[in-house]
Amino acid sequence: MVDPRLSIIDERIREVSRIVAVSSGKGGVGKSLAAATLALKLTKMGYTVGLFDLDFTSPSTHVILGIADLQPKEDRGIVPPMAHGMKYMSIIYYSGEYATPLRGADVSNVLIELLSITRWAKLDFLIIDMPPGIGDATLDLIRLVKDIEFLIVTTPSQLAFETVRKLVSLLKELKIPVIGVIENMKTHKSDTIRQQTRKLDVKFLGEIPYDARIEESIGSAHRLSKTIFAEKVGEIALRIQ
Amino acid sequence: MHEWALAEAVIAAASEIAEKEGLSEVTEVKIKVGELQQIELDILEFALSQLKSAKLENARFSIGLSKAEIKCRVCEHKWILATGNLDKVTAEAIHFVPEIAHTYIKCPKCGSPDFEVLSGRGVWLESIRGVKREDG
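Chain order of the listed sequences is A and B.
First residue of the first sequence: 1, per the working numbering; consecutive thereafter.
First residue of the second sequence: 1001, per the working numbering; consecutive thereafter.
Any given hint could be a false lead.
[Unchecked claim] With a straight-line Cα cutoff of 25 Å, these simulated DMTMM-like cross-link-like pairs (lysine to aspartate or glutamate) come out: (1) A:K189 with A:E215; (2) A:K73 with B:E1040; (3) B:K1052 with A:D3; (4) B:K1032 with A:D140; (5) B:K1088 with A:E97; (6) B:K1106 with B:E1069; (7) B:K1088 with A:D69; (8) B:K1055 with A:E11; (9) B:K1052 with A:D10; (10) A:K199 with A:E162; (11) A:K26 with A:E173; (12) A:K172 with A:D201; (13) B:K1088 with A:D75; (14) A:K146 with B:E1019; (15) B:K1032 with A:E11; (16) B:K1030 with A:D3; (17) B:K1055 with B:E1016; (18) A:K73 with B:E1092; (19) B:K1052 with A:D75; (20) B:K1030 with B:E1019; (21) B:K1052 with A:E11; (22) B:K1067 with A:D3; (23) A:K172 with A:D191; (24) A:K186 with A:E231.
Derived by calculation from the structure, the hints in this document are not laboratory data.
Bear in mind that the values here come from a model prediction, so they are computed numbers and not experimental data.
Here chain A stands alone, though its shape is the one from the complex (with noise of 0.2 Å):
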């Protein structure tokens, strides 16, 4: 038996230019909040912009943005509502505050089917919001997605670093491009992770001081563009552009 909606994703995302996975390895690193920021961010740019979260277990970028009380369009699949300016896409449209517990095959499931049913249509760029780790939707990205690009999310702390070291060595391996990697939640001056970084042979995109104001920000995409962490993501964006 053949699964036919794997014959279809190329076309769904025919007409994207640029596909880039903010991921990173460890959870925690304000990967969420980096992807939500960097869409709001190119869209203010003038470019057409879709969001994917793809944290399907703990979606969170609907939450960061506001997002609430919108439903994708039915036709031909699914077309994407629009949310600040941009293609709005996530699991929160079918499962909505109630917990979705799901397996490794479950989110490949997820993540095909949605990727073979959204229609995203002409996007200069869509930003996906990974789950943290090398886990089944890296997996799955890497294998149904040609062209996929990786944009890194870190702190300061090693320990967030060391997985970004085994992220890289796998995206590497596998000739995945990695556009660089962003040192967030910076709370006093070092280079450590930016020498780290070029050793691997990365570009550093910058740092981001830690926001203690970020969290008032959370649910307005409004307070959230006035921020510092969205004035340093938008000098971010200026370099991926």
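On the provided structure of chain A, position chain B as indicated by the hints.
Okay, now just chain B, sitting in the frame of chain A:
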């Protein structure tokens, strides 16, 4: 409709296989549709007839159904999910993403959401028949 997206995938997959197998014409496409996703068969059939490529022009689409058989990973209880009994919101969510069953459905014996769908998930291309190209 969602059925159109799935029909498009079936046509693309059948065309791909026909090309790989050197078929000049496809005469039959067998499809298995799982009941969990509650696909509307008449819409799927209509979409298939509208979307078929030149090579599939004379193909007959035969659609078989498979029951949604589920096995609990905790207590090993097996059951057939009667999708007709689901409320509208649940049914619609599962229609688009069958794994959403883990959000709304629990094992009727032990209440766990940790179950495996043994059969009856999604749309599958079972087989295709056709005429080999003479040069193939």
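A quick look at each hint next to the structure:
| no. | hint | result |
| --- | --- | --- |
| 1 | A:K189 with A:E215 | holds (23 Å) |
| 2 | A:K73 with B:E1040 | holds (18 Å) |
| 3 | B:K1052 with A:D3 | holds (18 Å) |
| 4 | B:K1032 with A:D140 | holds (24 Å) |
| 5 | B:K1088 with A:E97 | holds (17 Å) |
| 6 | B:K1106 with B:E1069 | holds (13 Å) |
| 7 | B:K1088 with A:D69 | holds (17 Å) |
| 8 | B:K1055 with A:E11 | holds (19 Å) |
| 9 | B:K1052 with A:D10 | holds (18 Å) |
| 10 | A:K199 with A:E162 | holds (13 Å) |
| 11 | A:K26 with A:E173 | holds (20 Å) |
| 12 | A:K172 with A:D201 | holds (10 Å) |
| 13 | B:K1088 with A:D75 | holds (20 Å) |
| 14 | A:K146 with B:E1019 | holds (21 Å) |
| 15 | B:K1032 with A:E11 | holds (23 Å) |
| 16 | B:K1030 with A:D3 | holds (13 Å) |
| 17 | B:K1055 with B:E1016 | holds (11 Å) |
| 18 | A:K73 with B:E1092 | holds (13 Å) |
| 19 | B:K1052 with A:D75 | holds (18 Å) |
| 20 | B:K1030 with B:E1019 | holds (17 Å) |
| 21 | B:K1052 with A:E11 | holds (16 Å) |
| 22 | B:K1067 with A:D3 | holds (18 Å) |
| 23 | A:K172 with A:D191 | holds (23 Å) |
| 24 | A:K186 with A:E231 | holds (15 Å) |
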